[in-house]
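In order, the protein sequence lines correspond to chains A and B.
So the first sequence is numbered by the numbering used here: it starts at 1 and just counts up by one.
So the second sequence is numbered by the numbering used here: it starts at 1 and just counts up by one.
The hints are simulated quantities; they were obtained by calculation from the structure and are not laboratory data.
Be careful, since some hints might not be right.
[As the list claims (entries may be wrong)] Pairs of lysine-lysine residues, derived as BS3-like cross-links and limited to a Cα-Cα distance of at most 25 Å, are as follows:
hint	chain 1	residue 1	chain 2	residue 2
1	A	198	A	187
2	B	535	A	347
3	B	160	A	535
4	B	335	A	535
[Unchecked claim] If the Cβ cut is set under 7 Å, some of the chain A residues that face chain B in the computed set are:
hint	residue
5	13
6	155
7	159
8	306
9	336
10	603
Yeah, the Cβ is synthetic: ideal placement off N, Cα and C, and Gly gets one too.
There are 2 protein chains.
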Amino acid sequence: MERKSDKMSYKYAYNTRDIKFILKEWLPIDEVLSYDRYKDYYGKDDLDTIIDQVRKVADEVIAPTAEDGENIGVRWEDGKVYIPPSFHQAHRFLQDQGWGASNFDKEGEGGLPFAVFGLLLEMLSAANPALMPYVGCAGAVANVIQLYANEELKKKFLPKLLNGTWGGTMCLTEPSAGSDVGDMLSKAFLTDEQGIYKIKGQKIFITVGDRDDVENIIHLYLARVEGAASGTKGLSLFIVPKFWINEDGSFSDNNVQCIGIEHKMGLKGQSTCQLVVGENNNCRGYLIGNPPDENGVGQGIMQMFNMMNEARLDTGRLATAVASNAYWNAKDYGKERIQGRLLTNPKSGRVTIDKHEDVKRMYLLNKATTEACRALLAKCYYYEDVREFAPDKERRKWAQNKLDMLTPLCKAYPSDEAWGLIAESLQSYGGYGYCEDYPAANSARDCKIWSIWEGTNFIQSMDLIGRKWMQGKGAIFADTLKEVQDFIGAYKERGYTPDGQYPLGLDKEMEHLERALKAYQGIQMMIAGYAQSEKLGLIGFYARRILTATAQLYCGYLLMDQAVIARKRIDELGKDHHDYNFYLGKVLSARYYLNNVVPNVWHIAELVRIGDTSVLEAPNEIFEY
Amino acid sequence: MERKSDKMSYKYAYNTRDIKFILKEWLPIDEVLSYDRYKDYYGKDDLDTIIDQVRKVADEVIAPTAEDGENIGVRWEDGKVYIPPSFHQAHRFLQDQGWGASNFDKEGEGGLPFAVFGLLLEMLSAANPALMPYVGCAGAVANVIQLYANEELKKKFLPKLLNGTWGGTMCLTEPSAGSDVGDMLSKAFLTDEQGIYKIKGQKIFITVGDRDDVENIIHLYLARVEGAASGTKGLSLFIVPKFWINEDGSFSDNNVQCIGIEHKMGLKGQSTCQLVVGENNNCRGYLIGNPPDENGVGQGIMQMFNMMNEARLDTGRLATAVASNAYWNAKDYGKERIQGRLLTNPKSGRVTIDKHEDVKRMYLLNKATTEACRALLAKCYYYEDVREFAPDKERRKWAQNKLDMLTPLCKAYPSDEAWGLIAESLQSYGGYGYCEDYPAANSARDCKIWSIWEGTNFIQSMDLIGRKWMQGKGAIFADTLKEVQDFIGAYKERGYTPDGQYPLGLDKEMEHLERALKAYQGIQMMIAGYAQSEKLGLIGFYARRILTATAQLYCGYLLMDQAVIARKRIDELGKDHHDYNFYLGKVLSARYYLNNVVPNVWHIAELVRIGDTSVLEAPNEIFEY
């Protein structure tokens with residue numbers, strides 16, 4: 001076994017075939033490409049080229065910078081944050097190629113469809129997950145400004161945000177207000193200048209909150225205008241630039257200080273900053289939209305949620321990307337590493353480890369689950385295109401509803417699963433997996449924050465159960481389940497195998513999907529019952545598991561939907577076609593997922609039915625022991 | 001929120017109550033203390049004092065060294081390994097107190113019972129997991145020498161191993177032979193000196209393989225005598241000292257070189273060494289026991305397995321200790337951190353996070369599972385005492401059989417669960433959990449090796465299914481299941497509540513245990529069926545999940561057994577007794593575990609019944625995508 005260097009070694013191992021399948025064979029991409037926004041710029045035939053090009057850049061330009069994130073890391077000195085020099089170049093490069101903030105320019109030409117861009121970002125995220133917020137946050141800030149700010153502010157801030165000259169952040173969390181956004185202490189005070197407030201407060205965990213590769217940083221800052229209502233409803237959103245921009249374009253200090261950075265378990269190339277704002281009463285911010293109304297209600301949280309919902313998809317994407325890359329690296333290692341004999345044929349001598357059933361199980365678990373997550377996210381990227389650019393208003397609304405339902409799943413499911421998936425990839429290396437000169441350990445350390453930030457996964461689960469289940473009196477979520485029901489029904493009714501069976505050898509899997517759907521409806525009934533009893537607390541107790549069950553059900557449907565297409569292609573192309581193994585893999589992903597993962601839905605239903613009250617009855621004193 | 005220092009901050013948060021309960025109220029400790037080995041030294045009344053004393057040492061002497069492991073780490077320079085200076089002192093201190101290698105001295109007086117010592121080691125392991133092998137390995141080496149080496153070797157090596165002047169290691173793994181122990185390349189060549197061989201080879205992943213705090217290091221080194229049989233059966237075990245000990249006690253170089261250390265994800269204070277032995281043909285080792293017989297069969301692997309089985313219990317103990325400490329730290333944090341409002345009573349205002357159902361779920365999951373692991377391990381410590389010191393030979397054999405059955409569970413179950421458990425503890429901190437100045441991230445990084453080393457958890461699962469299920473024609477494992485059956489039967493038959501029901505409100509939980517037992521027996525039947533079909537590969541596919549199901553079933557029984565005792569105590573003592581919350585916690589641990597974890601046994605049974613063949617059918621080419 002050749003030894004690698006002492007330092008962390010990151011490796012890019014992405015394959016693009018599933019991404020191409022999603023875009024060209026699965027999503028209704030023709031619809032998207034027919035929208036006015038895109039029709040003159042992109043055709044279906046361009047997709048392969050774009051994807052291949054980004055794959056190459058991810059591998060050759062971006063991935064080499066990941067090691068600097070780990071080995072050099074981020075340094076805080078005298079109030080300033082220094083990021084690895086190679087990150088400067090990588091950010092600039094992506095921006096110049098049109099894969100940075102400029103893609104959020106709604107007035108600009110040639111923006112990529114969300115469906116395409118989301119999958120490109122996945123490839124780039126895998127190459128250096130720590131780098132992505134440096135590239136992406138400015139675009140998300142620009143998006144909020146485009147949606148809600150006045151023309152003057154747009155003119156002042158958009159050009160340099162969109163061309164990557166300035167960075168951006170989202171400032172929510174405070175030392176005493178994390179999940180409790182509404183309890184934040186940051187304050188805004190009216191000034192004599194129209195639309196300008198004095199800002200005072202402290203923010204923590206601000207991703208890329210300071211950096212040395214941009215001229216200025218534009219913070220979207222949540223604060224409460226003096227006298228506004230308490231809770232989230234009283235919040236307003238401000239543009240707080242690190243440096244105030246004078247009329248002539250020169251900068252003045254705006255009293256925004258970075259007083260430290262976090263020392264994290266992973267993502268060491270990503271600055272996570274503590275900011276103190278207006279300590280000398282000298283920080284100014286521009287209000288976005290209107291001041292609080294006569295009831296003290298501001299527009300801030302609604303505006304910020306636009307960015308937050310984007311960030312929730314980003315989070316799921318990062319988790320999917322890093323888990324996928326860990327899996328593909330593990331599989332590459334497994335092809336070389338000789339160890340053990342086959343259980344089914346021990347006399348044939350030692351084999352490479354990728355031949356063992358348990359190792360193949362680790363791979364197929366990873367392959368199926370990351371494909372499930374990618375499908376879930378890609379569906380949402382598609383809905384983003386529809387919401388933004390579909391000519392029909394009803395259809396835009398329909399897409400928004402779908403996005404509302406799926407966003408908590410997109411954030412929580414990949415970020416929950418990544419920890420276990422990467423652990424299996426790591427395990428497949430044996431002892432080398434625990435060594436930082438192989439890439440699995442790094443991926444494991446990186447992924448853990450994603451179950452926490454942008455609303456913990458418990459918050460996602462309560463968003464799902466407490467809000468999304470009820471939205472539109474329950475009709476919208478019911479419509480999402482109906483999608484699954486209709487899929488099952490369609491294939492039951494007009495199965496296209498000659499004998500009219502379920503399609504092509506997936507009978508058992510379709511049965512599991514149906515059973516999971518029924519079990520899931522049972523969960524909803526039981527939770528409705530608990531909600532109206534003294535067992536209300538059981539909702540909190542089971543919420544995270546129910547979110548998982550929701551994602552497993554919905555992803556089971558998505559993978560089956562893909563498998564049906566793949567199964568047809570196999571029949572069309574035959575076993576000798578170069579794409580045969582890809583399509584076979586899609587069918588096997590679905591089979592693995594439906595036979596090993598989706599049964600968890602009815603298992604969770606049974607746990608909910610048991611209705612264990614141990615946690616509700618437990619006084620906190622028992623945890624002393 | 002007060003900010004801590006920039007550097008890693010380790011915190012000891014252990015509670016001793018469950019340990020005292022296990023020793024004084026649950027295990028048949030009177031039997032152990034009546035053995036000749038112990039009866040003049042220890043009484044039941046001494047146990048509290050011993051436990052409290054070690055708890056204090058763990059907190060005040062050992063835990064402060066953990067940060068040095070992370071912040072100073074291990075350094076390799078010019079072929080030598082330097083460990084943190086505070087580790088030198090901590091090792092010496094434990095040794096001097098009688099909690100080091102000396103406890104393995106079978107001739108010595110006052111050795112602690114395994115049952116006691118194992119639980120003390122758990123407390124110490126939690127205080128600094130990286131330190132423990134520096135302390136423990138010499139004792140394990142001494143144990144093998146006591147069992148198998150001749151008097152001359154005993155005289156030469158035991159005194160300084162047992163008093164901690166010399167360290168010890170177990171040298172198995174080689175670059176191309178990890179799980180494949182039998183394929184190792186290390187060779188031993190006869191010399192003119194009786195019992196002395198020239199040794200040549202390379203070993204990797206040698207825990208505490210070099211260090212600067214001991215005079216000498218005694219390697220137990222597996223190698224193949226020239227001409228011996230291939231595979232594990234041809235291996236012999238050698239004592240290979242780092243420095244050769246001359247007649248006069250002086251040292252000569254023995255050509256054992258440390259050529260590097262691993263850069264690990266965690267346990268950074270623990271040296272993990274690459275050793276090259278006999279590069280100049282100048283390394284000598286003492287053969288333990290007899291040379292290979294006329295068939296080329298050596299005694300090495302059998303001898304080494306003695307140490308290996310110890311190491312497997314150590315591994316489960318380390319995982320249990322680190323997960324427990326992470327949980328208790330999380331719970332301490334949760335008492336202080338204010339965030340959110342109660343789902344069941346939002347109007348009462350913000351609460352500390354330990355009041356939320358989902359956070360309490362995280363705690364109770366951790367509490368119940370770590371108590372389950374502790375119970376499983378403690379049962380084995382007890383069996384170790386019986387095996388070694390019971391006067392009756394049959395009983396010693398009985399205990400050995402129990403140990404054989406439970407060892408793979410002890411190694412794999414805690415080390416599999418730790419990753420998920422610690423992730424939940426980490427999650428409960430919110431963003432701070434991801435920061436190294438809180439202790440959860442460190443625990444997460446530390447724990448991942450334990451599912452890999454000392455035989456991966458897949459190897460454990462195949463040991464269970466392929467070997468332990470069959471041992472004694474299946475009678476021994478059946479006896480282990482009968483223990484569970486008898487427990488259920490006894491309480492069904494002579495339930496001691498007035499109405500003759502199952503004891504004391506645990507009806508539902510006892511039903512779950514019974515259902516799990518039946519489901520488990522179903523798993524065994526199905527696997528027997530697969531073993532005789534072309535689906536043999538399904539055994540490898542389901543093995544790890546079956547090991548988990550085995551542990552969950554057996555641990556469910558152990559926790560119920562403890563809960564029944566606790567339930568009685570509650571009735572005896574009443575709610576105002578200072579121990580009430582402890583006993584209530586034991587009952588709630590069992591209820592949580594039986595209602596949320598044990599149902600996984602029948603879930604896994606159902607997955608096995610589904611008999612998914614996706615992995616068996618998958619050509620490796622599909623993993624390219």
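Here is what the structure says about each hint:
1. A:198 to A:187: Holds: residue 198 of chain A and residue 187 of chain A sit about 8 Å apart, inside 25 Å.
2. B:535 to A:347: 18 Å, holds
3. B:160 to A:535: Not OK: residue 160 of chain B and residue 535 of chain A at ~62 Å, beyond 25 Å, violated.
4. B:335 to A:535: Status holds; Cα separation ~24 Å.
5. 13: Violated, because the Cβ-Cβ distance from residue 13 of chain A to chain B comes to roughly 10 Å (cut-off 7 Å).
6. 155: It is violated, given that the least Cβ distance between residue 155 of chain A and chain B is near 35 Å, above 7 Å.
7. 159: 33 Å, violated
8. 306: Because about 22 Å separates residue 306 of chain A from the closest Cβ in chain B, which is outside the 7 Å limit, the hint is violated.
9. 336: Since the shortest Cβ distance to chain B is 11 Å, the answer is violated.
10. 603: With a minimum Cβ separation of about 4 Å from chain B (threshold 7 Å), the hint on residue 603 of chain A holds.
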